[in-house]
Each structure stands twice: as C-alpha cells, then as structure tokens.
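Listed here are the chains, written in short residue letters.
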Amino acid sequence: MRKLLLPSLIVAATLLILVKLFYLQVVDDSYKLKSENNAIKIVYEYPERGYIYDRNGKLLVANQPSYDLMVIPREIKNLDTLEFCKLLDITKQDFDRILKKAINHSPRLPSPFLTQLNRKDFAAFQEKIGKFKGFEIQKRSLRDYQVAVGANIFGYITQVNQAIIDNNPYYRSGDLIGKQGVEQEYEELLRGQKGVKYYQRDKFNRIIGPYKNGIYDTIAKQGEDITLSIDIELQKYGEALMANKRGGIVAIEPKTGEILALISAPSYDPALLVGRQRSRNYTKLYNDSIAMPLFDRGLLAEYPPGSPFKILTALIGLQEEVIDEQTTFFCRRGFSYGNRFMRCHDSGGFSLNAGMYSSCNTYFANVYKKTIEKYPKPSQGVDAWSSHLKSFGLGDYMGYDLPPGKRGKVPTTKLYDKYYSAGGWRSTTIISNAIGQGEILTTPIQLCNVMAAVANQGYYYTPHVIKKIQHYDIDAKFTTKHQTTIDQQYFPPVINGLFDVYNKGTASRLQVEGIEICGKTGTAENFTKIDGKRVQLTDHSIFVAFAPKDDPKIAIAVFVENGYWGARIAGPISSLMIEKYLKGTITRTDLEKRMFESSLEKEYAKVISGEPFSINK
Amino acid sequence: MKNQNVTSNLDWISILIYGALVILGWMNIYSSSLPIETVNFDISAIYGRQLLFIALTIPLIIVILSIDAKVYEKFAIVFYIVGILLLIGLFVFGKTVKGQTNWYGVGNFSFQPSEFVKTATSLLLAKYLSDALVILKNTKHQLIAFAIIGIPILLILLQPDAGSAMIFISLVLVLNREDLPDWYLWTGFFALLLFFGSLLIEPEYIIITIVVLIIIHFLRAKRINRNPLAYLMVFIVSTAFVLSVDFVYDNVLEPHQKDRINVLFDDGVDMKKEGYNLNQSMIAIGSGGWIGKGFLEGTQTKGGFVPEQHTDYIFTTVGEEWGFVGSTVVILLFVALLMRLLYLAEHQKTKFSRVYGYCVVSILFTHFFVNIAMLIKLFPTIGVPLPFFSYGGSSLWAFTILLFIFLKLDANKVNEW
Numbered sequence: 001m002r003k004l005l006l007p008s009l010i011v012a013a014t015l016l017i018l019v020k021l022f023y024l025q026v027v028d029d030s031y032k033l034k035s036e037n038n039a040i041k042i043v044y045e046y047p048e049r050g051y052i053y054d055r056n057g058k059l060l061v062a063n064q065p066s067y068d069l070m071v072i073p074r075e076i077k078n079l080d081t082l083e084f085c086k087l088l089d090i091t092k093q094d095f096d097r098i099l100k101k102a103i104n105h106s107p108r109l110p111s112p113f114l115t116q117l118n119r120k121d122f123a124a125f126q127e128k129i130g131k132f133k134g135f136e137i138q139k140r141s142l143r144d145y146q147v148a149v150g151a152n153i154f155g156y157i158t159q160v161n162q163a164i165i166d167n168n169p170y171y172r173s174g175d176l177i178g179k180q181g182v183e184q185e186y187e188e189l190l191r192g193q194k195g196v197k198y199y200q201r202d203k204f205n206r207i208i209g210p211y212k213n214g215i216y217d218t219i220a221k222q223g224e225d226i227t228l229s230i231d232i233e234l235q236k237y238g239e240a241l242m243a244n245k246r247g248g249i250v251a252i253e254p255k256t257g258e259i260l261a262l263i264s265a266p267s268y269d270p271a272l273l274v275g276r277q278r279s280r281n282y283t284k285l286y287n288d289s290i291a292m293p294l295f296d297r298g299l300l301a302e303y304p305p306g307s308p309f310k311i312l313t314a315l316i317g318l319q320e321e322v323i324d325e326q327t328t329f330f331c332r333r334g335f336s337y338g339n340r341f342m343r344c345h346d347s348g349g350f351s352l353n354a355g356m357y358s359s360c361n362t363y364f365a366n367v368y369k370k371t372i373e374k375y376p377k378p379s380q381g382v383d384a385w386s387s388h389l390k391s392f393g394l395g396d397y398m399g400y401d402l403p404p405g406k407r408g409k410v411p412t413t414k415l416y417d418k419y420y421s422a423g424g425w426r427s428t429t430i431i432s433n434a435i436g437q438g439e440i441l442t443t444p445i446q447l448c449n450v451m452a453a454v455a456n457q458g459y460y461y462t463p464h465v466i467k468k469i470q471h472y473d474i475d476a477k478f479t480t481k482h483q484t485t486i487d488q489q490y491f492p493p494v495i496n497g498l499f500d501v502y503n504k505g506t507a508s509r510l511q512v513e514g515i516e517i518c519g520k521t522g523t524a525e526n527f528t529k530i531d532g533k534r535v536q537l538t539d540h541s542i543f544v545a546f547a548p549k550d551d552p553k554i555a556i557a558v559f560v561e562n563g564y565w566g567a568r569i570a571g572p573i574s575s576l577m578i579e580k581y582l583k584g585t586i587t588r589t590d591l592e593k594r595m596f597e598s599s600l601e602k603e604y605a606k607v608i609s610g611e612p613f614s615i616n617k
Numbered sequence: 001m002k003n004q005n006v007t008s009n010l011d012w013i014s015i016l017i018y019g020a021l022v023i024l025g026w027m028n029i030y031s032s033s034l035p036i037e038t039v040n041f042d043i044s045a046i047y048g049r050q051l052l053f054i055a056l057t058i059p060l061i062i063v064i065l066s067i068d069a070k071v072y073e074k075f076a077i078v079f080y081i082v083g084i085l086l087l088i089g090l091f092v093f094g095k096t097v098k099g100q101t102n103w104y105g106v107g108n109f110s111f112q113p114s115e116f117v118k119t120a121t122s123l124l125l126a127k128y129l130s131d132a133l134v135i136l137k138n139t140k141h142q143l144i145a146f147a148i149i150g151i152p153i154l155l156i157l158l159q160p161d162a163g164s165a166m167i168f169i170s171l172v173l174v175l176n177r178e179d180l181p182d183w184y185l186w187t188g189f190f191a192l193l194l195f196f197g198s199l200l201i202e203p204e205y206i207i208i209t210i211v212v213l214i215i216i217h218f219l220r221a222k223r224i225n226r227n228p229l230a231y232l233m234v235f236i237v238s239t240a241f242v243l244s245v246d247f248v249y250d251n252v253l254e255p256h257q258k259d260r261i262n263v264l265f266d267d268g269v270d271m272k273k274e275g276y277n278l279n280q281s282m283i284a285i286g287s288g289g290w291i292g293k294g295f296l297e298g299t300q301t302k303g304g305f306v307p308e309q310h311t312d313y314i315f316t317t318v319g320e321e322w323g324f325v326g327s328t329v330v331i332l333l334f335v336a337l338l339m340r341l342l343y344l345a346e347h348q349k350t351k352f353s354r355v356y357g358y359c360v361v362s363i364l365f366t367h368f369f370v371n372i373a374m375l376i377k378l379f380p381t382i383g384v385p386l387p388f389f390s391y392g393g394s395s396l397w398a399f400t401i402l403l404f405i406f407l408k409l410d411a412n413k414v415n416e417w
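So the sequence lines, in the order shown, correspond to chains A and B.
Going by UniProt numbering, 577 is the number at position 577 of the first sequence; the sequence numbering is gapless.
Going by UniProt numbering, 276 is the number at position 276 of the second sequence; the sequence numbering is gapless.
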C-alpha cells in the first residue's frame, strides 16, 4: 500500500491541474478578453466625411478639423487635476462629473472627455498631453457649411448614443453619426470606413509594435462625395420667401423625380449644430414647441389638400368614365345633399374646364358622387377611388431618400365602416373628399408628386434628393417609372383646366410673362385644439403648379399655414419660385418684395395668446 | 559482469524526457526574454545565458556518471555537512535579494546553495535509512531522520525562504514509504486541511465538524478501541489548532504572506497590487485557449505583463503560447518522468538507491505541483522554480545533479550483487 501513496498523489495532483487548466483555457473565455485589453491598443483613423454639392456643382457642405479629448479612466495615473482643469478651463466638478460618466461607460475603453475642441484649445493642450496619462486626442472632422440654408435637407451630425453603440458594432463611444436629412440617409457613404490599427503594448502601456504584424489592420476608406438634386439658389430663394411664415415648399423636376427645393419654415442655420455650442443650440431648437424649427414641414406636415385635390377628383371621374369633358353640372351657390349643403362661391353651369379654373365645389361634388355611385355599393366605389389615389403615391410612405416622413391619409372602406358602422354611409356622407377637405391628408411632397405625375401625364419617379454619388450609382428605385392608374388620354383636358386657372381663373393675377404655368389654388379649413376645444383657425393657403405647360421642368407645391386663400400667399410664392427657376431673374419685384415682407406672426400669435380671436381676415 | 559500460545501462527514457523538458524550457525562456526589436542572437541575454547553462550540463553529467556510484553513498555525510556549512555561511557572506538571503554572489556569478542541499540531504537520508539496523518504527530513529531533514529546513526558514523549506518537508513522503507510522502523514494532512479550513470558514463550524467526525468514528470503532482519552486528545489538539490559526494568521504571518493567501480566496484583493502577479499569470494562461497563440506570439509574454516570467512563472508562457494542448504535453512529460523514476526506484536492488530515488521523485514532484498550482490559483504563491524549465544555472544544475546521481545509481544496479 505504501508504494501507492506517491504515485496516487502524482496522479491526483496532475488531474487537479489539468482540470483547472482546462477550465481556464478552454471553458472560461474571460481571460482572452482580459488579455486583449491588456496587450492590444486599438487606434482608429477617421476618414474625412464626404462633401455635399448642389445640382449645379456648388459646394454646400465641407469639413473642418476638430479635436476630441478622449479619456481611458483606467489608465489615468498621477494626474495633476488642478493643472489639467485650468488648462481646459473646466471646474473640478465638471471633471468629476465627466469622469464618472466615462467610468460608467467603461473604465478601459476611450470615452469622450471634451469634444470639438478648436485648433487653439487643442494646441495648448497638446504640448502637455504626455503628462496626462490616460488622455488622448482623437482627430475628427466636423461639418463646415458653405450655405446658411437647407438645414432640413442636410440634417446634422452628432455623437452616437449608447443605443447605437450597443446595436451597431461599427460605432464606438465618441464617434459621430448623421442624424436627419441626407447625413442620416447617406451615413454609410458619407462617413466612409474608419481605419483600425492594432498595436501591441507592454505593461507600461508603451506601444511595442504592430499586433501580429498588422494582419488585422484596415486602412481608412474616404467618405463618398455626393451631389444633391437641390438647386441651392432656388432653395435659398424659397427660404427667403417663407420668412416669418410657417409651411413647406417642395419643388420637383417631373421628368426625373429630382427634388429641386425642399423648404420648411421656420428653419435654422445648419452651422448652429456644430462646435462647442451645438448642444445648447440644439436644445433651444428642440424646445421650441410652437414654431418647431426641427419639424420638416415639407415631409412631415399632413395638411388637408383642399382644392388642388379636385385635379384628382376630375382625373378619377374621367378614368371611371362617369363624366367626360363636356359633362355639365349646375351650381346654385352650393351643393345640396340630404338635408345638408356644401357652399360654393359661384353659380351657373360648369363643364370640366370651367369647373377647374373657377374651382366650383358643386361640380366636383357631383363628379365624386357619380364616381362612388358607379358601383353597386359605396364601399366598392371608395375602394376603386382610393386605389387610384394610391397610384399617385398618396396615403403611404413614398420611399424618398430622406427620413421617412409621414404617410398622409387616404380614407378606405374600413375607415368609414369604423366611423359609421358597415353600410351606414354613402357617397354623400363622405362628399367633402371631393374637394380635398374630408378625411384626406397629404404632405407637401406628396402633393408636389401628384403635380409631377400630372405634368408627366400619368407617371412619376419616386422623389429623391440624390443626384450623383462619387463612385456608386444611385438607388435603382429612383430611376424606376411609377405608372398611375389614370390613362394618358385623360390628362390633357385637366391640364388645360389648370392652364386656364392662370388665364381666367383663381390665379389670373399671378401670370408670369413668357412662361405657361398650370396651377391650382387651394384654401383649406383647419382646426386645432385649445384647452381641449376644437377651434377653427384661419385657412391654409395652398398652391400647386407645374411649368412650362408643354415641357414641364418644375412641379411645385406650396403650403402656408394660416395664410388664408390660395392666391394670397402660396400662389405668389409658387409663381416667383417658378420664375426664379426657369428664368433665373424676377421681373415682378413688387410682388417679390411684398412676399418677402409679409408676415403671419400675428396670425400665429393668436393661437397662443389665450384671447378670443377671429379668423380669415 | 563487473564495470559494464555505464552508457548501455543508463535509463535512456528518463534522459530523453529530461532532454525534452530542458529544450522546451529553453524555447519558452527564449520567447519570454526576446527583446522587442529582433536583434542577432545575444549570448548575454537571458536566453543566451540559459543556453550556456544548458551546454554546461553536458560536462556536468559526464562527471556525475563517471564518478563511482559508491562515492555518493560513502561521502553522503560529507556532502551534507558541506551543504549545511554553505547554508550557515549565507548569514555571513550571503547576498540579500528581495528580503531573502539565499544567494552567494561571486563576481558576475550567483549560486543558491539550498538547491544543492536538496541533493545532499537526499543522499544522507538514503544512507541513513539504508542501514539495516534503522527502523522507522523506532522513535529515536524517527528523530534522527527528522533531524536530517529538519536542520536544512530550519536554516532555510531563517533566510527566510518558505518555498524551499516546503520542498524539504515533502521528504516525509519518503519516510512514509520506508515504514514511518501512518499517523504522521495523517496528522500532517489534517493539519493542512484544518489550516485552510479555518481561513475559509468560521472556526465554530470547523469545531462542530470535528465533533461530528469524532462521534461517527466512536460509533463505528470496535469497542476495544474506544479510548475516550484519545478522542478527547484529538478534540483538544484540533480545536486548539483551529483557534490558533486565526492567531497565527493575524500575528505571525508577514503581510505579503497574508496577501498570498488572500489572493487565493479573492479576499478583497487589488488586482493592481497584491493580486497583480496571480491575475496576470491567470490571464496569460487563460488566454491560451486550446492551442495557444503560437510560439513567440504571446501578447502577455511580449508585453512583459507577467513578472519574473522566465523564472518561477515560465509555465505561463507555455500556457499562453502553446495553449491547453501544449500545457498538457509538458505536464504529461513531467508525469512520465516521475512515474518512470518511481518505477526505477522500486526496482533498485539496494535500499540506498531506492530511498534516494524516492527523494528525487518527491522533490521533483513537489516543485512541479507547487510551481504550476500557484500559477492557476490552486495554491498560494510560493517561489519555487519549475524543474528543468525555469531560468537559472543553480536550479538547472542542481536538478541535473539530483537526477543524474540517481540515474548513475540505477545504471550501476547490475553491479550490485
């Protein structure tokens, strides 16, 4: 037995060691990570973000260098906090607060300590960086805006938040990412790919050479330059015209679907969101819940379309063959249905052309009624009608290359069954839809797209702001034709009606010499809630148009909140925009001056004044 | 049959394993001491010096094998006395490194006598036990055997070098093989168990456990063996021991010794200070994975994160660069050598060679186990080298001498009739 003691001990001890080794080396992964944290230093190289140009090659957005001070809390050693704070002009409290936040993020990964230092701050600090162990400078590029407009198109760049870091392995704390606008939409192209270098370091944190001879290193890939379809001069002009007004303007080139201008008022100078003041400025913009400068009205605001919708009512009536060009309806200052009455501003007999240019509510109410009643059940009529509307891109996301915006609203059978219970409604119940006032909501870009489709006589391209990417093709969906459900033959009579809006109709005073414009005014009732009560506000001024009539180069939709009737504000702005784009110069300087100077601030103040007020004055 | 050629009787299996371990050891020393900028081979670098030490083992082995086997037995007492004198001499001429006075420094050259005293003590112990009149059941003989082991332990503890002292204690295993009564070993075993137990658990629980064990033993023992006095003695001694561990821990152990025990139990340990060595050692080994990061590719090794990596921590390089597979190979080589030596020891024709063989195995085994176990948190950190692996001339030569004297004795057994 005694002979067995030592061999047994040897075997037992060996097994013990092997089991423990197996656990450490094979089962437990944590040591691999610890070893990497120990010995591998990762250095990122950030490429310059791509430039942004306008459709004529004008540089809109470039870059400026900026320096972020990063901290790796675990590596702070013998720090002279006093000197450090003095150098950076921060207090001890700031220091403690930021450091605590960094430790919470990770004691061993770099976190931003102070960001977007300018060259001067950086130079003073760089001299002494060697003294401050655990701190390092990360060079990044910030946006340098060449224009003070288009903030809603560009979007902005900001530091990634924790949610992004958790969900996307590309981003590290302190990295920048595009938010809103094309910065968000084309983030991956604009940012390029950051380069990574792995270094091996020793226990004193000194770099002792590339890790594994650099086989894991990657080279930074330059960001792509992009060219937008925006005409920056038109954009500037539109923003100037919208001064002191709220609303949105969208202009599209019908033949391509390229967005020429996308204006949201009020807006802000994009440069406000760069530099050390960005966060303060952003908070200010964000907190302005009344004017909402960050709210892109061109994409997000859902308005009742009003009279411009009559274009679609007419087109659908023609397509469904419930009317033809000669069909005439009589108007006696309104349209009676059941025991109700829809007012109209005129009277007499109206055919398509006259109904169009004088915007006769009665005419379109009749067309709509006939359309719905063509089918045995109103529900079938509404289904046919809404599928026509949807073919124009209404009631759904359009798929443009900007943050998705809003769907607008196209009412369906389902909706009305819910409102009135199934079978409890008929064409006259929903007659307001005929004139764009019922349950229909559209965004300015949707309405503009409708005009583009009308200008093209039956098709459109998904609106987009991208025109060219340096090394890639633009998304194929932007070069794919979308056919509407209206046959091409039905467009000319409607277009003639729109042309006569300028010749003898509601916009006859807005003609531009030498340009044949087709347009439609709109005046939309709208409501808000004040202290829980539904209150009607001054009508929205709406105008849609395209020009020139025979070779459309621009389609436009203008919404001016509470601007009263269509030809009052939206109409003049549209015609000025068209003139500016097609001619480059403005002949009607009086009108231009009036628009620059017109202000609706008083109108907007009414709502928040708390006083009773009157509207449409 | 007399004076057969030594080489033909040598146990080449052991020598082969020895050679493999020395070569693998040097490769790992090379990796752990290679400078960052790859320069030409540098003989004055650590790996260069070790290569020199290895080269010098060849004449050393030739000398050991050439000496008549009888000499080791005859002059055992002389070697022992010289060894003890060298240990005493340390207090006068020794060099103090990190608080331990265990080196002689001669010019550029250092020499650690305790390494060689292991061989001398083994020889004398073997010589004493081989006397046909010595029986370890006899208390007087027990005392003499303990004294042979105890004198160097005492001198080494005064240096103080707890690690080396511990190696000598393992020689008790040899005495056990040679019929030392079992209770010595059991007592030692329980003492160790109680020691770690009382550090981990409140003493009350341990005392309750002891009582329960005693009652169980009492109920199961034959009536004639139920000596109440013996049970009482066991109870009193073990309770006193448990209670005194707290006292010893608080009042006798040096702070760094306490740290080494705390580190083992994760007891409020700062990984940057007292826990640093063990933590870095575990990281190096643990990050090796199945097959390791590859020769010369260890990031922990290259970054110098593990202190003293080429000496007591050399196995961390194995763990990191060769992974679990490589570590297992090295461990199995050690086990193979130990088992082979045990087999040879059991087949010796003289008691002297057998006891000496056992001493060799006990010493090598204790080094092997304590060294690796301390790196992976199975044992408190105690500075003992890994035989044949760790950097250092003294330890390499001492282990070579220890081993090859036995191989010489073994080769000579055909002459023993």
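If you are wondering where the hints come from, they were derived from the structure by calculation, not from laboratory data.
Mixed in with the good hints, there may be bad ones.
Said to hold, decoys possible - Using 27 Å as the maximum straight-line C-alpha spacing, the simulated BS3-like pairs for lysine-lysine come out as follows: (1) B:K377 to A:K20; (2) A:K128 to A:K100; (3) A:K58 to A:K77; (4) A:K3 to B:K413; (5) A:K583 to A:K255; (6) A:K553 to A:K533; (7) A:K3 to B:K351; (8) A:K20 to B:K70; (9) A:K58 to A:K583; (10) A:K284 to A:K467; (11) A:K34 to B:K413; (12) B:K98 to A:K3; (13) A:K529 to A:K606; (14) A:K3 to B:K140; (15) A:K58 to A:K92; (16) A:K221 to A:K203; (17) A:K197 to A:K41; (18) A:K58 to A:K255; (19) B:K351 to B:K95; (20) A:K197 to A:K128; (21) A:K32 to B:K377; (22) A:K3 to B:K137; (23) A:K236 to A:K197; (24) A:K533 to A:K468; (25) A:K197 to A:K139; (26) A:K284 to A:K390; (27) A:K3 to B:K258; (28) B:K377 to A:K34; (29) A:K128 to A:K86; (30) A:K533 to A:K409; (31) A:K203 to B:K377; (32) A:K553 to A:K467; (33) A:K212 to A:K41; (34) A:K553 to A:K583; (35) B:K98 to A:K203; (36) B:K258 to A:K203.
How the hints compare with the structure:
1. B:K377 to A:K20: 9 Å, holds
2. A:K128 to A:K100: Answer holds: K128 (chain A) to K100 (chain A) is near 23 Å, not above 27 Å.
3. A:K58 to A:K77: Cα-Cα ~50 Å, so violated.
4. A:K3 to B:K413: 20 Å, holds
5. A:K583 to A:K255: The hint holds at about 19 Å.
6. A:K553 to A:K533: Violated: K553 (chain A) and K533 (chain A) sit about 44 Å apart, past 27 Å.
7. A:K3 to B:K351: 14 Å, holds
8. A:K20 to B:K70: 44 Å, violated
9. A:K58 to A:K583: With Cα atoms ~19 Å apart, K58 (chain A) and K583 (chain A) stay inside 27 Å; holds.
10. A:K284 to A:K467: 33 Å, violated
11. A:K34 to B:K413: Violated, at roughly 53 Å.
12. B:K98 to A:K3: 40 Å, violated
13. A:K529 to A:K606: Holds, at about 13 Å.
14. A:K3 to B:K140: Holds, at roughly 24 Å.
15. A:K58 to A:K92: 46 Å, violated
16. A:K221 to A:K203: Given that 27 Å is the threshold and the Cα spacing comes to 32 Å, the pair is violated.
17. A:K197 to A:K41: 8 Å, holds
18. A:K58 to A:K255: The given pair, whose Cα atoms are some 22 Å apart, holds under the 27 Å limit.
19. B:K351 to B:K95: Distance ~38 Å between K351 (chain B) and K95 (chain B) Cα, so the pair is violated.
20. A:K197 to A:K128: Answer holds: K197 (chain A) to K128 (chain A) is near 24 Å, not above 27 Å.
21. A:K32 to B:K377: 17 Å, holds
22. A:K3 to B:K137: At roughly 17 Å apart (the allowed maximum being 27 Å), K137 (chain B) and K3 (chain A) satisfy the hint.
23. A:K236 to A:K197: At roughly 43 Å apart (the allowed maximum being 27 Å), K197 (chain A) and K236 (chain A) break the hint.
24. A:K533 to A:K468: 49 Å, violated
25. A:K197 to A:K139: 15 Å, holds
26. A:K284 to A:K390: 38 Å, violated
27. A:K3 to B:K258: 36 Å, violated
28. B:K377 to A:K34: 17 Å, holds
29. A:K128 to A:K86: With Cα atoms ~12 Å apart, K128 (chain A) and K86 (chain A) stay inside 27 Å; holds.
30. A:K533 to A:K409: 23 Å, holds
31. A:K203 to B:K377: Holds, because 22 Å separates the two Cα atoms, which is no more than 27 Å.
32. A:K553 to A:K467: Roughly 16 Å separates the two Cα atoms, so the pair holds.
33. A:K212 to A:K41: 12 Å, holds
34. A:K553 to A:K583: Answer holds: K553 (chain A) to K583 (chain A) is near 12 Å, not above 27 Å.
35. B:K98 to A:K203: 21 Å, holds
36. B:K258 to A:K203: 25 Å, holds
Hint compliance for this structure: hints 3, 6, 8, 10, 11, 12, 15, 16, 19, 23, 24, 26 and 27 are not met, and every other hint is.
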